[in-house]
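Just need the whole structure built from these sequences, with the hints factored in.
Each chain, written out:
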Amino acid sequence: MLKIINKILPKKDTGWRSFAVFAIAALLGLGFFLMKEAEVVSYLSDNPQACVNCHNMTPMYNSWNHSSHREWASCNDCHVPQDNIFNSYYFKAKDGLYHASVFTARAEPDVIFMQPASQEVVQNNCVRCHVQQVTQTKYDGFIEGHRDNRTERQCWSCHKEVPHGTVHGMSSVRYNIAPLPTDQEKMVIPEWLEKEMESK
Amino acid sequence: MKNKVLFVVTIIVVFLLGLLASSVINRKNEAKYQFAPQVNIGENEPRNEEWGKNYPKEYQSFLQTADTSFATYQGGSAKRDMLEEDPRFVVLWAGYGFSKDYNQGRGHFYAVEDIQNTLRTGGPESKEDGPMPATCWTCKGPDVPRLMNEKGVAEFYKGTWAENVSEVVNPIGCADCHDPENMKLRITRPALVEAFDAMGKDINKATHQEMRSLVCAQCHVEYYFDKKKPGKEGVPYLTFPWKNGMSVDDMEKYYDDMEFSDWTHKISRAPMLKAQHPGYETFLTGVHADRGVSCADCHMPYKSEGGQKFTDHHLQSPLNNVANSCQVCHREDADKLISNVYDRQKKAAETRVKLEDILVKSHIEAGKAWELGATEEQMKDILMDIRHAQWRWDFSAASHGASFHSPVEIARVLGSGLAEAQEARVKLARLLATLGFNKPVPMPDISTKEKAQEYIGLDMEKLNQQKESFKKNQLPKWLEEARIRESKIGSEKVSMND
Chain E
1 MLKIINKILP
11 KKDTGWRSFA
21 VFAIAALLGL
31 GFFLMKEAEV
41 VSYLSDNPQA
51 CVNCHNMTPM
61 YNSWNHSSHR
71 EWASCNDCHV
81 PQDNIFNSYY
91 FKAKDGLYHA
101 SVFTARAEPD
111 VIFMQPASQE
121 VVQNNCVRCH
131 VQQVTQTKYD
141 GFIEGHRDNR
151 TERQCWSCHK
161 EVPHGTVHGM
171 SSVRYNIAPL
181 PTDQEKMVIP
191 EWLEKEMESK
Chain S
1001 MKNKVLFVVT
1011 IIVVFLLGLL
1021 ASSVINRKNE
1031 AKYQFAPQVN
1041 IGENEPRNEE
1051 WGKNYPKEYQ
1061 SFLQTADTSF
1071 ATYQGGSAKR
1081 DMLEEDPRFV
1091 VLWAGYGFSK
1101 DYNQGRGHFY
1111 AVEDIQNTLR
1121 TGGPESKEDG
1131 PMPATCWTCK
1141 GPDVPRLMNE
1151 KGVAEFYKGT
1161 WAENVSEVVN
1171 PIGCADCHDP
1181 ENMKLRITRP
1191 ALVEAFDAMG
1201 KDINKATHQE
1211 MRSLVCAQCH
1221 VEYYFDKKKP
1231 GKEGVPYLTF
1241 PWKNGMSVDD
1251 MEKYYDDMEF
1261 SDWTHKISRA
1271 PMLKAQHPGY
1281 ETFLTGVHAD
1291 RGVSCADCHM
1301 PYKSEGGQKF
1311 TDHHLQSPLN
1321 NVANSCQVCH
1331 REDADKLISN
1341 VYDRQKKAAE
1351 TRVKLEDILV
1361 KSHIEAGKAW
1371 ELGATEEQMK
1381 DILMDIRHAQ
1391 WRWDFSAASH
1401 GASFHSPVEI
1411 ARVLGSGLAE
1421 AQEARVKLAR
1431 LLATLGFNKP
1441 VPMPDISTKE
1451 KAQEYIGLDM
1461 EKLNQQKESF
1471 KKNQLPKWLE
1481 EARIRESKIG
1491 SEKVSMND
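Protein chains in written order, with my numbering: chain E, 1 to 200; chain S, 1001 to 1498.
Check before you lean on any hint, since a few could be wrong.
[To be verified] A short, non-exhaustive set of chain E residues, derived as facing chain S with CB atoms under 10 Å:
| # | residue |
| --- | --- |
| 1 | I8 |
| 2 | K12 |
| 3 | A23 |
| 4 | A107 |
| 5 | P109 |
| 6 | W156 |
| 7 | C158 |
| 8 | E161 |
| 9 | S172 |
Please keep in mind that the hints were generated in silico from the structure rather than gathered at the bench. Don't be surprised by glycine CBs; every beta carbon is placed ideally from N, CA and C.
Structural data, given as structure tokens:
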């Protein structure tokens, strides 16, 4: 490593040396700025609000937030593999970089569909939590063909509305404002009332 | 040569990084401008139609609360004369405003209109006149936070009801629950914040999901007017009795400890408590609350119109919208779900009516005992039993949804009420015998509202006349005042579209 750096870096006494230091600093500084603006750190968390960093995800965030899954499953619980931590972050990084490239290139479609790799992850996660419902023999008798459907189809080919509902796309949420991850102010009482309460 | 290449490469990399940074910033800003408002909504903007310009779908669904066509077994949005449906109420509330007039609440849209028209607010002839304080307006609409901000909270409560007829004209709406800046949910009424303080909790720690119930809990709760609040003596200060807890027993103890009573019963002379509508408190004891369901989840579920999704602001009985409320979680047939709800309600009502019967009898028997010369000392225990029994009856009856929200808790409350009321009647039978009266006390004919009101000595003709005169003479005048005041506020357009 050091060898390569030494090879690229200009000799110590030349004027280029100071320029290189300056250029590296500029690169790093700009890089950090970019990371801050893109809220890079938030992507390491499980907080669903990290996903609305990219406002394309507003409809998904809001429809999930109004579903019964909200109480139990965050975005990652379904859309990222949960078998081990390395796989989780590897998949997340891969998916994230793909999303970021599409978003930066302004190539995102109005209605977003899952890639095959994602579909597999989600299917596995459906089964991961609902394993009892989908593998118990008693349900095989209860819902006709449930076993075949489980193995040959995807859960959401029947359970279409889980958990994002049936209406998709950016245009479906015109008046819907998603909480910005940077806007985490907790006060729920207006300022005038806060003042009034304090004065007592 | 190497250095020159590095120089050029660095320039290109920094340039590209800059481009990327600019793109990130641009796309972040896009999110902010994706929503293009039509007008600037000021802090405490009371006019719902003004908010409606920015959020037309939510506003238009809110307007649907004007619909009064849906009635359920014991709720819905239809106006129902509860005194006519159950004339026993008249006797139970003898000496209190509710015996004059008590209707099933209609939608939020009518909050202002209905309080103007009820006999309970009387027929004030001037702004200083009338039986009710300004406190009665607290939950009626977004003009209230505006007035509290202008005057101060205690100063608002201090006024008369009549004084605010020309001030509170917009029914319960946007500003009651939303922050105009970002539409976040917020608490605009001091009583809930104070109740949280009293319990040692910080309301600012509430999660978004809790807020979806807490904005409702600003009003759909048990409350009383505290005239002994330190520093605010004499002001009917709206307070929630939650200091010891929110159960029926905790609140009863709270009132007993401070020897508070809403009124003295006209027949039995018992120091009575009027339960308001402890909807939130009973909801919390139910299984839906335990599973993290909020009020809004059922009463204002998601709705889609022309491919656009939004929260339905037509607040109503979920039974009128089973597909979007119940069936989101329960995969049963709609008819089945409705009959499940009615089953719970009917079973609770069966016990409730039994309790009502015994309560009416105990009031009348206590009246007889006074007539025969009973002493205060002899009556004291009996009257406390009646107070407790009726508090429990009212607690379960006044919040119409309670027997669905928490059927087991309501069964417990009604059961304990029955025990208290029977206790009172056993003691009364013994006392009456001591006073030389050892047979059943004759019961009056209270088979209709009119007969019951006559029995407790209400001059309905006079009350109705006063109200009519108020509606004819004062009301139009004060509403005109309000119209002129509001016409001066104007509207600040920010649209970039025209």
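Margin query: Let's test the interface hint: is any C-beta of chain S closer than 10 Å to that of A107 of chain E?
Written below: This hint is violated: A107 of chain E lies away from chain S, its Cβ roughly 13 Å from the closest one there, beyond 10 Å.
Report task. May I ask you to test the interface hint for C158 of chain E with respect to chain S, counting a Cβ-Cβ separation under 10 Å as satisfied? Result -> Violated: closest Cβ of chain S sits about 12 Å from C158 of chain E, beyond 10 Å.
- [ ] Verify the interface restraint on I8 of chain E: the C-beta must sit less than 10 Å from at least one C-beta of chain S.
- [x] This hint holds: I8 of chain E lies near chain S, its Cβ roughly 7 Å from the closest one there, short of 10 Å.
Are K12 of chain E and chain S close enough, Cβ to Cβ, to be under 10 Å, as the hint says? Hint on K12 of chain E: violated, closest Cβ of chain S at ~13 Å, above 10 Å.
*asked:* Using the nearest Cβ pair, does W156 of chain E come within less than 10 Å of chain S?
replied: At 16 Å from the nearest chain S Cβ, W156 of chain E fails the 10 Å test, so the hint is violated.
Would the stated hint for P109 of chain E survive a check requiring a Cβ distance to chain S of less than 10 Å?
16 Å, violated
- prompt: Once the shortest beta carbon distance from E161 of chain E to chain S is found, is it less than 10 Å?
  reply: 9 Å, holds
**Prompt:** How about S172 of chain E: closest beta carbon in chain S under 10 Å, or not?
**Reply:** Result: holds, 5 Å to nearest chain S Cβ.
How about A23 of chain E: closest beta carbon in chain S under 10 Å, or not? 4 Å, holds
Checked against the numbered hints listed earlier, the structure breaks hints 2, 4, 5, 6 and 7; every other hint is satisfied.
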